[in-house]
Every structure is written in structure tokens, then in C-alpha cells.
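Novice: Here is how the chains run, residue by residue.
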Amino acid sequence: MADEDIPDSGRHPLFMPVILLGGLLFGFGLAASHMARPEVVLDFLQLVDLGLLFVMFGAAIVSGLAFAVIPRLRERAPLTGDTYGRRLKSFDRNVLVGGVIFGVGWGISGVCPGSAYASVGIGNWPILLAIAGMFIGAYLQGVWRSRTN
Amino acid sequence: MFPDPTALSLFPDLIVLSLFETLFPEGIARYAIGGLFVGLGTAVIYAATAIAPGASSFLESTLTYVSDRARFQQYRASRDWRIVFTVGIVLGAAVYALVWQGDVWTTDVQWWRLLAGGILVGVGTRIGKGCTSGHGVCGIGSRSKTSLIGVITFLGIAIATAQIVMALGVSP
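So the protein sequences, as listed, match chains V and R.
Here the first sequence stands for residues 53 to 201, numbered as in the numbering used here.
Here the second sequence stands for residues 268 to 439, numbered as in the numbering used here.
Quick caveat, the hints were computed from the structure, so don't treat them as lab data.
Accuracy of the hints is not assured; some may be wrong.
As the list claims (entries may be wrong) - Derived Cβ-Cβ restraints for the label pairs, each shown as a range: (1) R:Val283 - V:Glu91: 25 to 31 Å; (2) V:Glu127 - R:Trp378: 49 to 55 Å; (3) R:Val371 - V:Leu66: 31 to 37 Å; (4) R:Ala337 - V:Pro130: 29 to 35 Å; (5) R:Gln341 - V:Pro69: 21 to 27 Å; (6) V:Trp177 - R:Ala344: 39 to 45 Å; (7) R:Leu284 - V:Leu125: 40 to 46 Å; (8) R:Tyr332 - V:Gly133: 44 to 50 Å.
To be verified - Covered stretches of chain R (chain V as the covering partner; in silico rule of three or more C-beta atoms under 8 Å from a C-beta of chain V): (9) 305-317; (10) 334-341.
Even glycine gets a Cβ: it sits at the ideal position worked out from N, Cα and C.
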């Protein structure tokens with residue numbers, strides 16, 4: 053699947069507009085479901101309101117339908133010419149280690165990447181601190197990864 | 268969009284009703300409708316480009332603008348569209364806020380929780396190969412075992428962490 057290897061030039065003129073449209077729908081959904089509010093996510097994690105399950109698995113069902121049906125209708129994507137695939141990542145210990153660290157951070161703050169971006173859109177300026185933290189974390193992880201590998 | 272829970276339930280007795288209200292005090296409509304839109308956004312991009320977009324790779328792809336570190340360069344080719352995707356997320360949320368929210372909404376969660384949580388989320392998502400959208404929406408939608416294990420891990424740990432934070436009396 054073409055996740056990371058799209059060349060910079062020679063893109064279809066509708067490529068960026070479609071990415072923007074997808075982002076708009078995605079962000080609208082996160083705001084409408086109140087996932088852009090850390091308090092609502094924390095309510096889920098504290099088992100006060102389990103609505104988040106409907107957001108994540110509801111979205112997974114819709115995207116899962118697309119992943120299952122679209123490859124049967126056509127072989128290649130119209131805007132990139134890439135073949136359709138599924139999002140499959142290899143399993144190793146890092147999935148568990150990363151999941152634990154992500155889980156602690158999510159449990160402390162009620163913030164994850166997508167919901168944090170959407171939170172900016174609803175005017176929640178203090179969330180910029182969490183986004184800054186995510187960049188710091190991603191950078192530190194990159195530095196650490198360079199040293200160990 | 269969603270009928271009254273009594274109509275949904277096969278056993279519309281008081282026990283089921285009160286259980287539903289205990290688990291979902293705000294109902295499920297806003298969550299299910301929101302999830303539908305999140306999935307739709309993913310599906311539109313996938314249909315047109317064959318890309319299954321996650322939200323957290325934006326962090327590393329954007330770092331390539333300021334860092335030449337070799338480990339970030341695998342995301343260099345996708346850095347421009349990942350910014351467009353993220354700008355779309357911000358604007359889509361702004362549309363909701365303008366139409367249904369009216370005013371700006373700000374969190375009361377303490378600053379150190381946002382910062383510390385953000386750092387750990389940033390580290391964890393990059394080690395763990397995905398976040399709530401990459402593993403949770405695209406990965407589960409792809410019936411990926413790796414993603415299912417990832418989601419179960421971070422959901423379980425996050426619930427445990429939030430319980431501990433609450434037990435320590437940290438609020439909000």
C-alpha cells in the first residue's frame with residue numbers, strides 16, 4: 053500500500069483537494085462526537101461514559117467496508133494509480149512497548165493525535181501544549197531510535 | 268437519526284434501560300454519528316488514493332522540515348499531504364464549532380497533564396507504529412492482528428492509568 057512513498061511531483065490535481073475533504077470529514081466527526089474534548093475521552097477511560105467505543109469502532113466499520121469493497125470494484129486508485137491494500141503492520145515487541153507508553157500518555161491527558169488536531173479547531177488553545185509535547189516525544193523517539201539501531 | 272433506546276432493545280425492561288443509561292449517560296447518537304464521519308473521511312481518501320491515513324505520522328513527517336535526522340526521512344515524501352490532512356481535521360472541527368458549538372471551548376485539564384500526556388503519546392505512537400486512528404480506525408478496519416493487539420494494549424493501559432490518576436484525586 054502506498055502509505056509513505058508518494059512522490060512529491062506529478063500528483064493528480066485533485067489529490068490535495070481530496071486529502072483536504074477527507075480531513076474535513078474526519079475532523080468534523082471528531083468534534084461532533086466530542087472526542088476533541090479531553091474531558092469526554094477521560095470520562096470514557098474512567099468508565100463513566102463508554103460512547104468512545106461507538107466512535108472508534110463505528111469509524112473502523114465504515115473504513116473497513118471501504119477497505120473490503122473498493123478493491124473488488126477496481127484495481128488501482130484513480131488519483132494515484134496505486135493498488136488498493138490493507139493497513140497491515142508487522143508485529144513485534146515494539147507494538148506492545150509503544151502501546152503501553154501511548155496508553156499511559158492517553159490515560160494521563162485524554163489526548164491522542166487526531167483528537168488534539170480537532171481540538172485546535174474547536175478553539176481549545178491549551179491543547180497546543182499537548183501537541184507540542186507530541187512533537188517533542190516523536191523527536192526524542194527518533195533520536196533514541198537513531199542511537200540504538 | 269437513532270431511535271429511542273427502548274425501541275432498539277429486544278428486552279425493553281427497566282434493567283436493560285438503566286444499564287444503557289449507566290454506560291451511555293449522553294446517549295450514543297453523537298458518538299455513532301461522529302464515528303461515521305471519521306470513517307467516511309478515511310474512506311474518501313482511501314477510495315481516491317489507496318492511502319489509509321493515520322493522524323500520528325504527521326508528527327514525524329513534519330519534523331523533516333526542521334530536522335535532517337535520517338530516521339524521519341522515510342516520511343519526507345508524504346509530509347506535504349499530511350499537513351493538508353491535518354489542516355483539514357482542524358477546519359472540519361472548526362465547522363462543527365461554528366455551527367453547533369457557537370463559542371470557543373477550552374479544556375480544564377491541567378497543563379502538566381496535557382504536556383506530559385502529549386510527550387508520552389508522541390513517544391508511544393512512534394514506537395508502537397500507530398495511534399487511535401492508525402491502529403484503531405484504519406488497522407481495525409483492515410482486520411490487522413497487529414493493530415488489534417496495539418488497540419487492546421493502549422486501551423487497557425489507558426483505562427488503568429486514568430483510574431489511577433482519578434484515585435490519586437487529580438481533577439480535572
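Novice: All hints are to be evaluated individually against the structure, with a verdict given for each.
Specialist: Now for the hints, and whether the structure bears them out:
1. R:Val283 - V:Glu91: 25 to 31 Å: Given range 25 to 31 Å: holds, Cβ gap about 28 Å.
2. V:Glu127 - R:Trp378: 49 to 55 Å: Given a distance of about 50 Å, which is inside 49 to 55 Å, the answer is holds.
3. R:Val371 - V:Leu66: 31 to 37 Å: holds (33 Å)
4. R:Ala337 - V:Pro130: 29 to 35 Å: holds (34 Å)
5. R:Gln341 - V:Pro69: 21 to 27 Å: holds (26 Å)
6. V:Trp177 - R:Ala344: 39 to 45 Å: Cβ of Trp177 (chain V) to Cβ of Ala344 (chain R): about 32 Å, so the range 39 to 45 Å is violated.
7. R:Leu284 - V:Leu125: 40 to 46 Å: The hinted range 40 to 46 Å holds for Leu284 (chain R) and Leu125 (chain V), with Cβ atoms some 42 Å apart.
8. R:Tyr332 - V:Gly133: 44 to 50 Å: Given a distance of about 27 Å, which is not inside 44 to 50 Å, the answer is violated.
9. 305-317: Check passed, 13 qualifying residues.
10. 334-341: holds (count 6)
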